[in-house]
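Engineer: Residue numbers (this note's numbering), protein chains in the order written: chain X, 451 to 687; chain C, 451 to 687; chain F, 451 to 687; chain S, 451 to 687.
Read the hints as simulated data drawn from the structure, not as lab findings. One or more hints might be untrue.
Selected chain C positions facing chain S (Cβ under 8 Å, derived; list incomplete) [as the list claims (entries may be wrong)]:
1) ALA510
2) THR633
3) GLY635
Now the in silico label distances, taken between C-beta atoms and shown as ranges [stated by the list, open to error]:
4) C/VAL616 with F/VAL616: 11 to 21 Å
5) X/ARG584 with S/PHE580: 15 to 25 Å
6) X/HIS679 with F/LEU532: 24 to 34 Å
7) F/ASP682 with X/SER591: 53 to 63 Å
8) X/HIS679 with S/ARG494: 18 to 28 Å
9) F/THR643 with C/TYR498: 21 to 31 Å
10) C/TYR514 with S/ARG677: 45 to 55 Å
11) F/VAL616 with S/PRO487: 35 to 45 Å
12) S/LEU489 with X/SER591: 55 to 65 Å
13) C/ALA506 with X/ARG494: 33 to 43 Å
14) F/PHE580 with C/LEU497: 13 to 23 Å
15) C/TYR498 with S/GLU585: 35 to 45 Å
16) X/ARG494 with F/VAL616: 33 to 43 Å
Residues of chain C clear of chain F, computed beta-carbon distances all greater than 10 Å [said to hold, decoys possible]:
17) ILE470
18) THR493
19) PHE541
20) GLU578
21) PRO664
This structure is a prediction, so every number in the text was calculated from the model and none was measured. Each residue gets a CB set at the ideal place from its N, CA and C atoms; glycine is no exception.
There are 4 protein chains.
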Amino acid sequence: MANHHDTTPFLDRPLPSGFIAALIVFSTLCFSLETLPDLKPVTRSFLYYSEIVIVAIFTAEYAYRIYSAKDRLRFIFSFYGLVDLLAILPFYLAPALDLRSLRLLRLLRVLRLLKLARYHKAFSRLGEAFRLAREELVIFSLATLIFLYLAAVGIYYFENPVQPDVYRSVFDALWWAVTSLTTVGYGDMYPITPGGRIFTFVVLMLGLGLVAMPAGIIASSLNAIRRRHEDDSEESQ
Amino acid sequence: MANHHDTTPFLDRPLPSGFIAALIVFSTLCFSLETLPDLKPVTRSFLYYSEIVIVAIFTAEYAYRIYSAKDRLRFIFSFYGLVDLLAILPFYLAPALDLRSLRLLRLLRVLRLLKLARYHKAFSRLGEAFRLAREELVIFSLATLIFLYLAAVGIYYFENPVQPDVYRSVFDALWWAVTSLTTVGYGDMYPITPGGRIFTFVVLMLGLGLVAMPAGIIASSLNAIRRRHEDDSEESQ
Amino acid sequence: MANHHDTTPFLDRPLPSGFIAALIVFSTLCFSLETLPDLKPVTRSFLYYSEIVIVAIFTAEYAYRIYSAKDRLRFIFSFYGLVDLLAILPFYLAPALDLRSLRLLRLLRVLRLLKLARYHKAFSRLGEAFRLAREELVIFSLATLIFLYLAAVGIYYFENPVQPDVYRSVFDALWWAVTSLTTVGYGDMYPITPGGRIFTFVVLMLGLGLVAMPAGIIASSLNAIRRRHEDDSEESQ
Amino acid sequence: MANHHDTTPFLDRPLPSGFIAALIVFSTLCFSLETLPDLKPVTRSFLYYSEIVIVAIFTAEYAYRIYSAKDRLRFIFSFYGLVDLLAILPFYLAPALDLRSLRLLRLLRVLRLLKLARYHKAFSRLGEAFRLAREELVIFSLATLIFLYLAAVGIYYFENPVQPDVYRSVFDALWWAVTSLTTVGYGDMYPITPGGRIFTFVVLMLGLGLVAMPAGIIASSLNAIRRRHEDDSEESQ
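Full structure from sequences and hints, please.
Structural biologist: Below, the structure is given as C-alpha cells:
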C-alpha cells in the first residue's frame, strides 16, 4: 500500500476527490439497482449508458493517475492502483468473460471510497491501535474459534438426537454457535432439551465476553494511543 | 442552539420546569393513546379536550418565553424556540392542513424533554467527548457503510440463487446486513447455503467490532475528558 | 440499608453463611419446581414438607438475628431485616391470604443471596463507580427513553398502514423499539417497507451507541476508581 | 498446569508445533465430517484410516514428550499431559467402550490448539487481567444469576396465564431470561401481555449493563496491566 502519491497537495490531485467519490457512490447505486428483479427496459438502458459514462471517467482518471505519479510502476502495483484497474478492466473484457464474474469484480470499486478516509489522522491512529493490540487480537481469534467449535460439538450431542433435522451435523451446530455467540439469534436453530439449554447458558456466559473482547481491546488501545499522542504534544511544547 | 436564556436563575423561568415536563409527558401519552385502534368515543373526546388545554398552556408558555427573553429574535430562531413553535402551530393550522401531517409535527414536543437535561454538566461533557472523538466516529461511520454494502453484495451472490424470494436484490441483502451486523437478527432473512453461512461468519467476526467500536470510542473519550477535568481541578487547588 | 451488623467478625454470625446460602438456593429450587405442570403427588408433598423445614430454619435465623443485633429496631427496619421478615411472613399468613400472592412474596428470599457479596470490597467499589457516573447514567436513561419513543412513533408511521395488525399502535411500536434497540430482535415485529427499513437502519446506527453507553460508562468509572485506589495505596506506602 | 516443559527452546520440542497443530485441525475436521448424515462408504473408510494414522502420530508424540520431560510424572499429571493421554486413550479402549463415549472424549484434542497460544506474552497478560478483576467478575456472575432468576419468576407471573404452553414453568422462563438478557432473542419465547412487555423493558434496561459489564471490566483490566508493564519497562530503562 504505497502512499507516496497521497502526500501530494490537494490541488495536484487529478480530479476533485468529492466528484470521484460521488461517482463511485452513483456507480454503486447503479450496480445495486441492476440486481432488482422486474426492471423496466427504460431503467435497464439508463443503467447501461450510465455504466459506459462511469467507466469512461474512471478510465480517464486511471490514465491521469499513472501519468501524474512520480513512480508509475509503483502506483500501478499499489493496492489502490490495482483496485482502480480491476474496476474498469471487466468492462473491456466483457465480451470475453461471462456476465456473472464481471459483476463480482465491479464491486471492488466501492473500496475506493476508503480513499476519502486515507488522509485522516484518525485512520492511522486506528492502525497503530491494531498493531499495539495485535497479539491479543490473534489470541482471542484463536480462542474464539476453538470455543465456537467446542460449543458446536457440545450442542450437537445434546440436540442431534431430539432434532436430527435441525442439528444435522457438527457443521450445522457450528452455524448455531456462530449466530448464538454473536447474539444475532436468527431463530432458525435453538436448543429445546433441558441439557442443551443449560449448556447454551454456560456457553453464552463464558463466550459473550470472548466475542465482545476484541472491540473492547481496540477501544482501550485507541485510548492508550490517544493519550500517548497527547503526552508527546505536551512534551514538545 | 442559543443558550443565553438558560443561564437565568431558576426562579426567573416562566413556569416550573417540572410542571412543563409533566405536561409534555402527558401530551405524549395522549398522542400515543390516540393511535390505539377501537377507542371508545368518551376516550376520544377526553383526548380532544386534553389537546386543547395542553396547547393553550404551551401557547401561554411560548408567549411568556418570547416576552421574557433578552434577545427575542434570537430565542424565536433558536432550536428550542422553533421546537416550541412547531409544537403548537399545527393545532392552529389544523383546518387548513390534513390531520395526518398535523400528527407528525406534534411529536416534536417530546424533544423538549431534553431541556431537562440541558443544564447538566454531564451533557456538556458528552458534547466534548463527541467533539474529541468526532474524526474517529466519521471514519467508523464511513467504514461501517462500506462494510455493510460489501456484506450485502456478498450474501446476495451466495443466497440469491437459492432463496430468490428472500434475497431479491442487493437492497434486501442490505437489510439483512444491517439486522445481522447490529446483532438484532429478526430471523426474517438468514443464509442457508454453506458458502453464505461461512461468509456470514467472516462478516460477523470482522464487522461486530466495527459496529461496537463507536460506543467504545465515546466511552474512552468520556473517560479521558473526566480525567482531564479532574486534573484541572487538582491543579487549580 | 444499615450495615452496622455486618462489621461483626465471622464467628459471631448466627449461622455459617454458606449453610444459609445453600438453603436459600434449595428453597429457590423448590419454588421453581412447584411451577412445573404435571407434578407427581409424591413430589408435591416432598416440596410441601421442605417448605415447612426451610421456613422453620429461616424463622429461627430471623429470631437469632434480632436477638444478637446491637440495635434491634434498626435491624428489623433495615433492608435485609425486612427481606428476612417478608420471606417467612407469607407462610404464617397463608390461611388468611390466597395462594397466588403468597408465592409472589416468597421469591424475595433470593435477594438474600446478595448478602454473600455484601462484604466484598469490589461491591463497594461498584457503588462508588455508580455514584461517580450517576449524572451521566441519568442523562442517558432520559435520552434513551426519548429516543425509544421517537423511534416508536417513526416506525408506527412507516409500518402501520402496511402491517396494521402488527404495528397496531404506538405502544406496540414501542415494544418493537425496545426489542430492536437492545438488539434482542425476537422476530415478532419487523419493518417490511423500504422507508421503515431505512428508518430502522438510521435508528439502529444512532441508538445502539446510546443503549450500549451505560455499560461503557460504568466500566470506565470502575477503572477510574480502581486507579484512584491504587494511587492512594502507593502514596500511603 | 506445570509449564516447566515449555521453557525449553524451540528446537528441543519433539515435533514442530506447526505440524502438530495442523494435524489437530485435520483430526478435528475428520471428527466433524463423521457427524454428517449420508456419508459415502469411501469417505467413511478414508476417515477410518485417517483416524489410525492420526492416533499413531499422537501416540508417538505423547511417548516422546514423556521421554524428553525433565520431570516425567509431573508432565503426565499436568493439564496438557492428561489432555494428550485422553486424546489417544479412547482409540485403544474402543473395543471395551461403546462408540458414543469414545467420540465425546476425542474432542478434547482441540484444546491442544491452545498450546499454540501458550507461549504468547498476551496470554499471560490476560491471565493477570483476570486475576486483577476476579473479585468483580465473581460479584457480577452472582448478581447476573440472581437477576436472571428474578427476571424469570417475574415473566412467569405475567405470561404463564396467557401463554401456558410457552412459559410452562420457571425453568422455561429462565431460558427466556437467558436468551433475552444476552440479546440472542431466538424468538421461540416472547411476552405478549402489556405487563410482560413493560417488565421486559425494565429488565433489559437494568440487565443489559449487568451482562455486558464483565467484558468491559476485563478490557479495563487488560488496559491497566498494559499500562503497568509500560511503566515498568520505562523505569527499567
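Engineer: Give a verdict on every hint.
Structural biologist: Hints, one by one, checked against the model:
For C/ALA510, the shortest C-beta to C-beta distance to chain S is roughly 34 Å, which exceeds 8 Å, and the interface hint is violated. Interface hint at C/THR633: satisfied, since its Cβ lies 7 Å from the closest Cβ of chain S, which is below the 8 Å cut-off. With its C-beta approaching chain S no nearer than about 7 Å, C/GLY635 sits inside the 8 Å limit, and its interface hint holds. Taking the beta carbon of each, C/VAL616 and F/VAL616 are about 19 Å apart, inside 11 to 21 Å as hinted.
Between X/ARG584 and S/PHE580 the Cβ separation comes to about 20 Å, which falls inside the hinted range of 15 to 25 Å. At about 53 Å, the beta-carbon gap between X/HIS679 and F/LEU532 misses the expected band of 24 to 34 Å. Taking 53 to 63 Å as the suggested C-beta distance range, the pair F/ASP682 and X/SER591 does not conform, at roughly 38 Å. Separated by about 60 Å at the C-beta atoms, X/HIS679 and S/ARG494 break the suggested range of 18 to 28 Å.
For the pair F/THR643 and C/TYR498, the supplied restraint of 21 to 31 Å holds, since their beta-carbon distance comes to about 30 Å. For the hinted restraint 45 to 55 Å between C/TYR514 and S/ARG677, the CB-CB distance of approximately 54 Å keeps it satisfied. Checked against the hint of 35 to 45 Å, the C-beta distance between F/VAL616 and S/PRO487 comes to roughly 38 Å, which is consistent with it. Between S/LEU489 and X/SER591 the Cβ separation comes to about 30 Å, which falls outside the hinted range of 55 to 65 Å.
The hinted range of 33 to 43 Å is not satisfied by C/ALA506 and X/ARG494, whose Cβ atoms lie roughly 58 Å apart. For the pair F/PHE580 and C/LEU497, the supplied restraint of 13 to 23 Å is violated, since their beta-carbon distance comes to about 40 Å. For C/TYR498 paired with S/GLU585, a C-beta distance near 59 Å fails the hint of 35 to 45 Å. Taking the beta carbon of each, X/ARG494 and F/VAL616 are about 35 Å apart, inside 33 to 43 Å as hinted.
For C/ILE470, the shortest C-beta to C-beta distance to chain F comes to about 15 Å, beyond the 10 Å cut-off, and the non-interface label holds. With a minimum CB-CB distance of about 13 Å to chain F, C/THR493 clears the 10 Å threshold, and the non-interface call stands. The beta carbon of C/PHE541 sits about 18 Å from the closest Cβ of chain F, which is more than 10 Å, so the claim that it is off the interface holds. With a least CB separation of 12 Å from chain F, C/GLU578 remains clear of the 10 Å interface cut-off, as annotated.
Separation of C/PRO664 from chain F is inadequate, the least Cβ-Cβ distance of about 5 Å not exceeding the 10 Å criterion.
Checked against the numbered hints listed earlier, the structure breaks hints 1, 6, 7, 8, 12, 13, 14, 15 and 21; every other hint is satisfied.
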